[in-house]
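6 protein chains.
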Amino acid sequence: MRNDQRNSDNLRAIKITTEYINHPEGSVLIEVGNTKVICNASIEDRVPPFMRGQGKGWITAEYAMLPRATEQRNIRESSKGKVSGRTMEIQRLIGRALRSVVDLEKIGERTVWVDCDVIQADGGTRTASITGAFVAVVLAFGKLLNKGTISKMPVKDFLGATSVGVLSNGTEILDLNYLEDSEAQVDMNVVMTGTGEFVEIQGTGEESTFTNAQLMRMLKLANDGLQEIFQIQRNTLGDLSDRIGETK
Amino acid sequence: MRNDQRNSDNLRAIKITTEYINHPEGSVLIEVGNTKVICNASIEDRVPPFMRGQGKGWITAEYAMLPRATEQRNIRESSKGKVSGRTMEIQRLIGRALRSVVDLEKIGERTVWVDCDVIQADGGTRTASITGAFVAVVLAFGKLLNKGTISKMPVKDFLGATSVGVLSNGTEILDLNYLEDSEAQVDMNVVMTGTGEFVEIQGTGEESTFTNAQLMRMLKLANDGLQEIFQIQRNTLGDLSDRIGETK
Amino acid sequence: MRNDQRNSDNLRAIKITTEYINHPEGSVLIEVGNTKVICNASIEDRVPPFMRGQGKGWITAEYAMLPRATEQRNIRESSKGKVSGRTMEIQRLIGRALRSVVDLEKIGERTVWVDCDVIQADGGTRTASITGAFVAVVLAFGKLLNKGTISKMPVKDFLGATSVGVLSNGTEILDLNYLEDSEAQVDMNVVMTGTGEFVEIQGTGEESTFTNAQLMRMLKLANDGLQEIFQIQRNTLGDLSDRIGETK
Amino acid sequence: MRNDQRNSDNLRAIKITTEYINHPEGSVLIEVGNTKVICNASIEDRVPPFMRGQGKGWITAEYAMLPRATEQRNIRESSKGKVSGRTMEIQRLIGRALRSVVDLEKIGERTVWVDCDVIQADGGTRTASITGAFVAVVLAFGKLLNKGTISKMPVKDFLGATSVGVLSNGTEILDLNYLEDSEAQVDMNVVMTGTGEFVEIQGTGEESTFTNAQLMRMLKLANDGLQEIFQIQRNTLGDLSDRIGETK
Amino acid sequence: MRNDQRNSDNLRAIKITTEYINHPEGSVLIEVGNTKVICNASIEDRVPPFMRGQGKGWITAEYAMLPRATEQRNIRESSKGKVSGRTMEIQRLIGRALRSVVDLEKIGERTVWVDCDVIQADGGTRTASITGAFVAVVLAFGKLLNKGTISKMPVKDFLGATSVGVLSNGTEILDLNYLEDSEAQVDMNVVMTGTGEFVEIQGTGEESTFTNAQLMRMLKLANDGLQEIFQIQRNTLGDLSDRIGETK
Amino acid sequence: MRNDQRNSDNLRAIKITTEYINHPEGSVLIEVGNTKVICNASIEDRVPPFMRGQGKGWITAEYAMLPRATEQRNIRESSKGKVSGRTMEIQRLIGRALRSVVDLEKIGERTVWVDCDVIQADGGTRTASITGAFVAVVLAFGKLLNKGTISKMPVKDFLGATSVGVLSNGTEILDLNYLEDSEAQVDMNVVMTGTGEFVEIQGTGEESTFTNAQLMRMLKLANDGLQEIFQIQRNTLGDLSDRIGETK
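Protein chains in written order, with our numbering: chain A, 1 to 248; chain B, 1001 to 1248; chain C, 2001 to 2248; chain D, 3001 to 3248; chain E, 4001 to 4248; chain F, 5001 to 5248.
Derived list of chain A stretches under chain B, where covered just means 3 residues or more per stretch with a C-beta under 8 Å from a C-beta of chain B:
| no. | segment |
| --- | --- |
| 1 | 22-31 |
| 2 | 40-46 |
| 3 | 65-77 |
| 4 | 111-121 |
None of these hints come from the bench; they were simulated from the model. Just so you know, even glycine gets a beta-carbon here, dropped at the ideal spot from N, CA and C.
The shape of chain A in the complex, shown without the other chains (with noise of 0.2 Å):
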């Protein structure tokens, strides 16, 4: 049994509010356990100056945390001046993963602008943004076919993300919340389409290794995960759900 009662192949509790801030295209609250993150899809309607002309759009995401979201108050970045290492890599890896379910060729010279500011953390901040952002995305899209901008739902694939992990007693692990990320010994984030390919593996041991049978046991436990994820997302979406996949 695990510190909040679950059994090492339980995802926490997932909750995703739709229409959470009323100005942006897609917006929702993705609460995973006591982690919660605001995920807003922003349209823009031109693209970074490198890939203009080409008749293509562009996803780019990023990621902050409120100074309180966690048991330590932490400094603002604005406040220091720059980002963080840290930040950085969750943010090239959330626009990384949407960009691998989005037909980029069939949004027009547009921008997505995703941004997931997490207000409570308690582990699983980068996997549940993941989750939510494809969300809010979907939404920003469902936005742009009712007003007939565009004619096809732009993504191809469901998409979701989860960690996995091993306890220092060697136990492998679904969904690790904050306790047992700060004791694992391998973490790994799976980042996974609605069809079963993988769009990221990011395994780390941090002072540690692991072995290919663990791999293979935590890319097991990651897989179910994502069934049950994605079924929440689909719920969350409703109809919109039936679109996606139709540029295909």
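Position chains B, C, D, E and F against the provided structure of chain A, taking the given hints into account.
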């Protein structure tokens, strides 16, 4: 009648949700119409270097907006690598206002960090921040009282803020929303204590001016609106309200 | 009697030297007691990007202090690599104040850059900057009139600023010097036009508050002091004074 | 056949020159095909503040490229005034990887600074950096052993890294050069210990995905390539090789 | 004849006003033709960390220009967030020059901060800064002598600076103004002591070169001009002049 | 005899390796004793904004050190987020020196980017950079000649640099190594053309001064050393040497 059906002397609906985030000592979500601000108060057991050894505490505030709190997405200040003049002006105002009603001598060598993060903006974000931050600070001190760290509530009086202004047709109005604020010739923020004393008055004519008579009418509107705000704070704080002023 | 032998309603001696530096279109050294500020107004034949194509001009201000303008040497903001909140607040105030009395429609697509550099500080540097900058701006427009670039003086009214405050003994005083400012419970800056309208009122209680009656007495003191200031500006500007208001 | 005449499971030629620069405790030039990286390991007799008093050491890494290491000249990060997300991601990876095979408890309160400076880039700079930095670190500890500062080699195992990927035609290949990397659909970096355990797996589909079967084939290719790399490291280190693992 | 009616070996008029600003220990305004620089010397009772415990002092200099010191308004370095290469070069030169004539062993663990702020520029701002800063530093030490903090004037010799150059017609000239400096093929700054020794020679051909014979003629011109400068410094300093050299 | 067995008028051994890195148009590794600098010259087919439309080219230089080029590891300037004054001074010097011997009118609207990266430092890094960068620039233009982009070698003369100094015992020496440089009272860098004209002389007494006679002896030492340097450059460049000066 105003664009949101209010009379000139009507506040927007105010809702204060306490214990909004679980890590900070005091945490509220304040909603003033469509303006929504998370106000967190964190207690740190030391003071900044310039105050050490005086046996006295300090209160400091930070203010930020999510990029999509507004109609147009804003670039994050962490990405720009610097905090704007507007942000600095607001966070200096919030800190100053809170310090005016807290008995810093009674809180020991502690710093209260107040974080006001606007998640949705529709005008009046700085005044909503002050009104909400006051509640968060009282709640945080309530925790210290409960733990016995301090024996008396070090807050001397209630503190609230609202805006008043003059529309281009000459009407004075209370609690401007974003559209009204954009159109107004004069904008004034009033910060007041529960006993009716001013803490801060900032009246500004942008490419315009105002007469003494207009000033008097605006101060009257602000005073009346603030009485309602103090009642809402009182209702939110419940029994803790009665301890305000006990160090006087 | 005050620490420099003034009555509570006395201004310090004010001296305005014109054509102080030879490159700027308008240049003055203003001395208010021991406070000395170089105010330069430069005319640039274009406006910032957000204003292009509107046929309208802009006024922007910058403010700085020499490191040894003060009793203790300050670190240069260029060495720190960022401008402080206090500096930003002051330069925003100066720009806003000047824009309120200039008919931006009448100056074409030009920017007036106002630089206020404090070479010696003894309290009231922001109000001295406004009073001096007004003269520098009128002089700069005078040059444009002489060259025939514009045909009417685009300044609608006189503009001056001063401070008032409440000492810890409860006395309201006019034009605080540095020692008074350090000791005062309430500090208020008043920016006013020659016809007696307010442009800006910023009243602040640092760890203190003020009543409505105190506010009224402070406004009266400020108003009386400003009449003297307008007379000094008028004397300094000579014939150019008569052209102020001709576009109204 | 690949663009440089290799089979899909061929590494490029690897050459490691030791004692490349004379100041650092450990210094190597590693050449992997046309990729050339100077890896320097410096020992400092103290640890960062967050680790003081624990009797434990720390390893940290920095990574940079000369402006003309690449086909197009890059702007220096010192001129831009900030380090890019890519650079931060890489230097965090190198540091983490090295820490996984060093017994930090056995090196005392010392910091090992690892500097990887790419002087010529042709793909695989981060994996070449890890492979070369490992040798530099062992050499640096060798110096401490010779001086008697430490009595056992604190390195627990060999450490190497390589990349694998999937070309657009579906072929899995080992050790991608720059052209292959630009064209690949999937790119995976594998960091492994001499005993075959994973330290880090980072597999990424940029605008693409990969199946479980592809993952398995890529891991096999990486594993085989890494055995050759460990042999080259062993040959380079000579007698010092035999001391690796003696603290286990 | 030169553009301002001088002969090739004529200095511009030099005027040094002492006690220009009242806070610094030493303060002068130096005017060299139309170039005007405020030079302030501040004494701080401690040295930078790298010098602590040596019983020795330090002199450091900062240099800046008001935005409108020049014909075209310059952007403030504080707004740009960094100091230009030119500024750094000049402030390093000023500091080095002053240190060469001050007996740092005799001033105790004190730092002399020298601030040179150009309020009007017409060529030769760095050499005017050195000549003026020397006077400010002697005046500051004079204050320490008066207070009995030190017992001997720690300045070993006079120090002055001027520029020489070669015009495009081949003429060597002394003390270039801005127009001459813009046109010159060679520009040389010479810093010299009262006993005729060189402290610094910086001769530069921008897109040009100079012969040994030209060098000799320029050094002669500089030497003659500097004798006049030392006389002006001597007259300005009065009795304090006689104490220069008393620690030798 | 000096600490490395040289006579006072001996250069250290100089070795210039061409085509050191394969991407830049011109690339050399210059070794002057233990000082090693990679000098790369890159040709870009445009000029900076301030030079556009003049039909003329530009040369600009950047200089950096690897963190462990020195005995003590230095913090990277990219990590500090700003370039030091020393670095700026050196890169301005290198750029200026190269521009003095290149006929910028003959290279069209192109920029030559010169990167000097010190991988090992033992004094004289700036003069080694100039001597090596000259060779890299000639090689880069050689590539343009070969491709027929330009028809004549736009380099007007050879360019070399060395240092001279005065030790504390009064001896004048040529080509100071790091230990000598640390101990010297006077340090002078001399940049000269092949025909014996000066491009730059920078003589500095740090807390010391020098006489005219010492200056003359140092210039003689520098001149003799530079003749050897020009011969080494000539040998390195082979046939390209003969084309230097053909646009004169």
